[in-house]
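Undergrad: Sequence:
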Amino acid sequence: MVEATNNVDAGTSDAPSVHDGHHLTALARALEPTRKLDDTPKEVYDDRIESLRAVGKQFDECLTKGTRSERVKKVEDIYLYMYEQEGEKGFSERKESLRKTPLYLLLHADRYDPPKTQPSGAEVNQATDVALGKFEMNDIKTRKKKLLDHPVMRVVITLKWRAFGLRMYCEQRLMFWLLLVTMTTSVSIGLGVLPEPTYDDLFIGWLTACSLLLIGVVATRFLTWKNKKPWACTLAVVLAGVGGGLQYVYEPLQERLSWTSFGRLNNILLSLCAIYFCVFEIRELAADIDDPDSVKATKRRSNGQTSISSNQSATGTHGSNTSLNPSTGSTRGRELEENHTSSCMEALESSWTWALEHSRVLGRMLHHYCIHAPIHGIKCAIDLLRGKSTSPYLESYWNRIQFPTFFAVFVCAVCELTVPLTDDMRTFASIPALFLLWVMCVQNLEVFSNISYLLPMMRRMLTDVCGYTCAYYLLFKSQGNDPVFAPYATVPQCFVTTYLVTFAQINLEPFKALTSPVQYILGYLLLLTHATISIVMLLNVLIAMMNKTMGNYLEEAKHEARVTFAECVLRMEKTKTFGTTKDDLKAVIIKGDVPTDTVNEKIETLLERMCRFRNAGHVTGSNLEFLHARVGDVFNQARYVDFFDVV
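Residue numbers (UniProt numbering): 1 to 647.
It should be emphasised that the hints constitute simulated quantities derived from the structure, not laboratory data. Computed from a predicted model, the values in this text were never measured in an experiment. Treat the hints with care, as some may be off.
Stated by the list, open to error - Okay, derived cross-link-like pairs now, EDC-like style, lysine to aspartate or glutamate, Cα gap no bigger than 16 angstroms in a straight line:
id, residue 1, residue 2
1, K586, D77
2, K512, E560
3, K146, D482
4, K145, E395
5, K57, D200
6, K73, E61
7, K141, D482
8, K379, E395
9, K141, E560
10, K73, D60
11, K145, E608
Claimed, not checked - Taking CB as the label site, the calculated pair distances span:
id, residue 1, residue 2, range
12, I204, L356, 46 to 54 angstroms
13, A513, L253, 52 to 60 angstroms
14, E556, R400, 21 to 29 angstroms
Beta carbons are placed, not taken as given, at the ideal position from N, Cα and C, and that holds for glycine.
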């Protein structure tokens with residue numbers, strides 16, 4: 001494959017011009033899932049596979065066809081696709097643009113309109129699923145995610161991370177740590193920690209952590225990819241100064257703030273953090289669903305523009321007729337007064353129209369986020385439990401637990417402010433929510449390539465542990481209150497005992513105490529399979545990590561890590577709290593600090609790096625096969641020579 005930084009200009013005659021948008025049109029046509037009225041599931045599947053091959057060819061052309069500047073321009077067009085120069089006009093337009101980007105279409109499952117809702121002879125896009133088999137849907141999903149490993153898409157994802165992903169990641173992580181600190185403090189206060197011996201240490205720790213985190217959240221509004229190093233140094237200096245100053249002011253604050261007031265203030269801050277993340281999750285969910293009557297709204301907007309233009313022309317004609325009517329017989333001063341009055345009335349009418357239009361937009365947005373999106377989320381959760389296709393939001397394992405956890409934290413904080421929870425309610429509500437928050441800290445590692453490929457392994461192991469926990473609990477639940485079965489008496493105890501099997505801590509006494517032959521055989525069968533999966537296979541993984549046999553497995557894990565990073569970037573794009581224009585996206589690819597510079601050397605450098613990485617992977621695999629064959633030949637030759645020497 002020709003690298004992206006090749007300076008050879010050969011092949012320009014047969015390459016299409018990058019300025020006519022032909023490659024973007026072809027790429028959009030291949031990416032978007034479409035079907036005709038009379039297509040069968042097999043035809044839909046075959047057409048989709050062919051279209052995904054066309055997408056791969058389009059990406060390859062960005063590396064091979066045309067001059068270097070044309071290839072870079074193609075990648076830049078894909079990166080800036082669906083971003084307008086004047087910015088985003090509204091939440092509806094923003095969602096429609098987002099759902100047409102290559103990153104969104106490659107990460108989420110295909111959804112098609114049913115034939116009965118399609119206009120005659122037209123091809124329409126996302127709405128509901130077509131009747132495809134499980135194998136076909138998984139195959140299409142796998143092929144789409146494999147395209148994310150292409151150097152072009154990796155460059156696009158990297159540039160989006162630099163444009164807005166880093167800023168949103170820092171903001172959300174700091175807010176999450178603030179939520180974690182306040183939730184831990186709320187649970188500690190609620191569980192009856194006495195104020196006399198612990199108030200001093202708890203208050204100074206809470207005050208320092210919350211102050212620094214809030215300053216960091218505000219500072220993320222000034223973070224960009226280009227100024228990240230000066231930003232980090234400045235923030236470190238400011239945080240050091242604030243942390244040192246708090247040591248001198250916390251005693252007067254502690255004297256004025258009672259233990260009860262401190263708990264209320266912490267719960268208020270906890271409630272605000274929980275609301276922030278609930279809104280964050282609702283916005284991510286709302287980005288994946290259509291507005292109610294979106295087609296009708298589009299028609300109304302187009303008709304409204306036509307009527308506005310006609311009204312403007314009519315108003316202009318009417319005004320001209322009024323001003324040019326010679327039969328009025330009024331003086332020049334009266335004409336000026338009438339024109340002034342007319343202009344004032346027009347200004348008031350335009351102001352009223354503007355306020356009315358914006359109030360309608362705000363009402364539609366609140367209805368969409370507060371009513372339509374939650375109801376849609378509940379329906380999608382029910383479909384998920386029934387095994388049906390669901391919203392792209394619920395395709396992520398993290399999203400399935402995040403919103404319930406954040407909502408439970410908000411409920412606990414509000415209850416602590418109004419009616420304090422009892423110890424039993426805190427045990428069954430606050431502590432599990434706090435545990436899930438600590439578990440979700442693992443999500444912070446998704447953006448680190450050296451660690452993120454281990455997360456899928458951890459998720460699979462945790463799934464196995466949960467499955468065996470349920471099996472052990474049901475097996476030993478019917479054995480009574482014998483102390484021998486105490487490690488499996490409750491679900492939490494059963495989970496801990498099952499998890500410790502991973503570290504070869506196996507207690508055989510409960511299995512020996514089983515009296516029924518069926519239960520005895522079933523118990524040992526579960527134990528043997530569990531120990532085999534947890535110990536033998538994990539040891540083999542550790543041993544084989546330096547062996548060739550684990551090469552494909554680790555490569556697949558790294559591919560999943562790259563997909564996870566792409567999902568993280570898309571999540572930031574769905575929920576970013578600031579507008580992004582084409583100029584903002586161009587700021588991370590231009591050379592130097594000149595906004596008008598169009599030499600995008602950063603794209604060339606990234607393409608070269610990604611191509612070198614992919615070619616190195618292919619070369620390494622072929623070299624290993626070649627060395628393996630050569631070692632085998634040498635071994636056979638040596639054995640053959642020794643055999644004849646003995647003879």
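Undergrad: Run every hint past the structure and note whether it holds.
TA: Evaluation of the provided hints:
1. K586 x D77: 11 angstroms, holds
2. K512 x E560: Measuring from Cα to Cα gives roughly 42 angstroms; hence the hint is violated.
3. K146 x D482: 53 angstroms, violated
4. K145 x E395: 14 angstroms, holds
5. K57 x D200: 65 angstroms, violated
6. K73 x E61: 12 angstroms, holds
7. K141 x D482: 50 angstroms, violated
8. K379 x E395: Roughly 14 angstroms between the alpha carbons, so the hint for K379 and E395 holds.
9. K141 x E560: Roughly 13 angstroms between the alpha carbons, so the hint for K141 and E560 holds.
10. K73 x D60: Status holds; Cα separation ~14 angstroms.
11. K145 x E608: Distance of about 22 angstroms is beyond 16 angstroms: violated.
12. I204 x L356: 46 to 54 angstroms: 52 angstroms, holds
13. A513 x L253: 52 to 60 angstroms: 59 angstroms, holds
14. E556 x R400: 21 to 29 angstroms: 23 angstroms, holds
Hint violations for this structure: numbers 2, 3, 5, 7, 11, all remaining hints satisfied.
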